[in-house]
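Could you put together the complete structure from these sequences and hints?
Protein chains: 2
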Amino acid sequence: MYDIAIIGGGPAGVSAAINARLLGKNFIWMGSRPTSLKAEKAELVKNYPGLPDATGEELSWAFKQHAESMNIPFSVRAVTGVYETGGKFSVLAGNEETEARTVILCLGVNAQKPVEGEEEFLGRGISYCATCDGMLYRGKTIAVAVYDGQFESEVEFLCEIAGTCYVIPLYKGYKGAPAKGKEIIKAPIKYAGGRRVEEVVFKDGRLAVDGVFVLRPSISYTALVHGLATVGGHIAVDRACATNIPGIFAAGDCTGLPYQYAKAVGEGNVAAHSAAQYLSENKGS
Amino acid sequence: MYDIAIIGGGPAGVSAAINARLLGKNFIWMGSRPTSLKAEKAELVKNYPGLPDATGEELSWAFKQHAESMNIPFSVRAVTGVYETGGKFSVLAGNEETEARTVILCLGVNAQKPVEGEEEFLGRGISYCATCDGMLYRGKTIAVAVYDGQFESEVEFLCEIAGTCYVIPLYKGYKGAPAKGKEIIKAPIKYAGGRRVEEVVFKDGRLAVDGVFVLRPSISYTALVHGLATVGGHIAVDRACATNIPGIFAAGDCTGLPYQYAKAVGEGNVAAHSAAQYLSENKGS
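Line by line, the protein sequences give chains X and C. If you want my numbering, it's the position in the first sequence, counting the first as 1, plus 1477. If you want my numbering, it's the position in the second sequence, counting the first as 1, plus 1477.
The set of hints was computed from the structure by calculation and includes no laboratory data. The structure presented is a predicted model; accordingly, all values stated were derived computationally and were not measured. Every residue, glycine too, gets a C-beta built ideally from N, C-alpha and C. Heads up, some of the hints might be wrong.
Unchecked claim - For lysine to aspartate or glutamate, the following EDC-like pairs were computed, each having C-alpha atoms within a straight-line distance of at most 16 Å:
| # | chain 1 | residue 1 | chain 2 | residue 2 |
| --- | --- | --- | --- | --- |
| 1 | X | Lys1541 | C | Asp1530 |
| 2 | X | Lys1523 | C | Glu1545 |
| 3 | C | Lys1541 | X | Asp1530 |
| 4 | C | Lys1523 | X | Asp1530 |
Said to hold, decoys possible - Label pairs and their computed distance ranges (CB to CB):
| # | chain 1 | residue 1 | chain 2 | residue 2 | range |
| --- | --- | --- | --- | --- | --- |
| 5 | X | Gln1542 | C | Pro1550 | 30 to 36 Å |
| 6 | C | Asn1759 | X | Arg1716 | 21 to 27 Å |
| 7 | C | Ser1630 | X | Lys1515 | 33 to 39 Å |
| 8 | X | Glu1534 | C | Pro1550 | 30 to 36 Å |
| 9 | C | Thr1562 | X | Asn1548 | 22 to 28 Å |
Stated by the list, open to error - Sample of chain X residues facing chain C (criterion: CB under 8 Å; computed from the structure):
| # | residue |
| --- | --- |
| 10 | Ser1492 |
| 11 | Leu1528 |
| 12 | Pro1529 |
| 13 | Ile1661 |
| 14 | Gln1737 |
| 15 | Gly1743 |
| 16 | Glu1744 |
Encoded structure:
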C-alpha cells in the first residue's frame, strides 16, 4: 500500500510529487496524461516567478524534467474512481486498483459538465470504465458516449462485446465507429431509467439500452470521489488543502480560481506537506 | 494614491508584484530588503518546480531578474506601520507616508519575539521609527534597542538628539555605540511604565527613560498593523489570502506553514488577484 496516491500530471501534481519524494513518502503518481493539456497549451506565461516569458510547453517541459531528474515515474492511467475502504483508499483506473492511505487530487478544471442523469445512474448501468465493466454487457445493447479520440480502442473493445453498440462521438476529429458499431451523430440530453439506466434521451428521440459507457478524459469531481464536497463547481478545501474527506487533499485548478501555475504549484506543495502530516498523525494498518 | 502597496521583497512579494503589473494595477512594492534574507540563505532548494537544485541565492536572483525584466521597481523602505484611514491605508516607512487602497503583506517569518511591554507601549513612549519620532526626545533620556547593524545611522541620529542615549545592541557584530551613546550590554526583559513607558527592565536592574526606540528588521505583525488577526503566531487568512481587515491581504511565510518558495509564490499570485477583485468591487474615492 502506498502512503500517497497523487492523481494528475499538471503543475499541482508535479509539485505534490516532488514534495512527496523529498518528504520520504512511498507514493504513486498517475493520471490520464503526464502533463496538463491546458497548461501545455498556454501561449505565454509571464507570471511564474523565476521563468519569465516561458510558453506553456516550455514550462511543462521544465516541470517534467524536474520530476525526471528526481527519478519520479508517472503512470499513465485514467482514474475512474476513488473509494474509501476502512481507513484507506482504493484508486481505480481501468482494471488496475491501487491502494493508498492518502490521496491528492490534482484534477484540473472540469471543462465538461455531466449530462443529466449521468452521475445519478453511475454504477447502475452507467460506467466510466470500458475494461472494468465491458464484460457485463456481452450480447446486450449499449451506448458509448465518447468525448476524446484517446478512447478509440475502448470503443472498439466495447463494440466487440456488445450485441448492439451505439457509438455517440462528442468530439472533433471523430474517425467513424468500429465495424460492429452504429454511429449516432447527436448529443444526449439525458440518461433516463428506473432503478437502472434504460434510455439515452436526445432532443428528437430515445434509444433503449441496457447500459451506457461514458468515456471522458475528465470525470466530474463528485463522480470520481463519492461524497466529496464542492463549492461553486470546485473541490472545497481548507488552507491546508484538505477536503471534507479525511485523508483526501486537493490542489490546483480543481480547488478554484485563480487558474494559475504559481497557485497550483503552491497548493501541490501544501497538499503534500498536509498528507505527510496526516500520515504521521494517523499511523496504523 | 496607489491601488496596491506590496510590502516585502521575498518570493511572495515578487509574485504579488508580477501579478499586480499583469493585472494593470498602479502599485508600489517596498520593504527593508529587495530579497528575503532567509530565502537567499537557503542552501539548496529542490522543490521549486521548474528550477531544480537551485541555491537560495540563484532562486532569489531569478526572481529579482523576473521583476526587473518587467521594469518593476523595488523601494527600499523599512515599513513601521500600516494604518487604516477612511477606506484607504497609510503605509509609514520612516518619514515617508504612502497611501494605497489595498495592502498585501508579504512579511516573512517573525523570527524575533517582541519584549514584554513592547507592543503595549508602542506609540506611548516606544517607537519603531527613529526618523519619525526622534525629534520628540530632544535633550531627553532614551534607550535604543538595536537588533541589526543596518540601523547604525539611526542610532547615531538618535544619540545626537537625546540628552542621554543608552544603546542596547542585540545582535552579533556590534561595532560600539556612537560618540554620544552609552553602551548597555545586556538584554531587556521588559518595558514597564504607567500610561507611557518609564523603564527598561533587565534581569539585574532598571533604567529610567523618557522613551525607547526599538530598531528591528522585522516588526511583529500586530505591531505593524493594528487589529490584524493572527493564529498560532501567523497572520490569519482565508483561501483568498484575505485577512480580517477588508483590503489587507497576506501571502507567504507570514500566513503560516509550510515555509516554502512554492507556497509563497502561489499565495503572492492569489493575493494579487484577490486585491484586484477587491478593487473592482470597491470602486470609489
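Hints, one by one, checked against the model:
The straight-line distance between the Cα atoms of Lys1541(X) and Asp1530(C) is roughly 14 Å, inside the 16 Å bound, and the hint therefore holds. Of the pairs offered as hints, the one joining Lys1523(X) and Glu1545(C) holds, with about 13 Å between alpha carbons and a cut-off of 16 Å not exceeded. Note on Lys1541(C) and Asp1530(X): the hinted pairing holds, with a Cα-Cα distance of about 14 Å set against a maximum of 16 Å. Straight-line distance between C-alpha atoms of Lys1523(C) and Asp1530(X) comes to about 22 Å, which puts the hinted pair past the 16 Å bound.
Remark: the range hint 30 to 36 Å for Gln1542(X) to Pro1550(C) is upheld by a beta-carbon distance near 33 Å. Separated by about 24 Å at the C-beta atoms, Asn1759(C) and Arg1716(X) satisfy the suggested range of 21 to 27 Å. Taking 33 to 39 Å as the suggested C-beta distance range, the pair Ser1630(C) and Lys1515(X) does not conform, at roughly 52 Å. In this structure the supplied range 30 to 36 Å holds for Glu1534(X) paired with Pro1550(C), their Cβ-Cβ distance being about 31 Å.
Checked against the hint of 22 to 28 Å, the pair Thr1562(C) and Asn1548(X) fails, with Cβ atoms roughly 55 Å apart. A least Cβ separation of about 5 Å between Ser1492(X) and chain C falls short of the 8 Å threshold, and the interface hint therefore holds. Checking Leu1528(X) against chain C: minimum C-beta separation of about 5 Å stays under 8 Å; hint holds. Annotation: Pro1529(X) was flagged as interfacial toward chain C, and the flag holds, the nearest CB pair being 5 Å apart, inside 8 Å.
Given the 8 Å rule on beta carbons, the hint for Ile1661(X) is violated: about 43 Å separates it from the nearest Cβ of chain C. With a least beta-carbon distance of about 5 Å to chain C, the hint placing Gln1737(X) at the interface is held under the 8 Å criterion. Given the 8 Å rule on beta carbons, the hint for Gly1743(X) holds: about 2 Å separates it from the nearest Cβ of chain C. Checking Glu1744(X) against chain C by beta carbon gives a least distance of about 6 Å; that is within 8 Å, so the hint holds.
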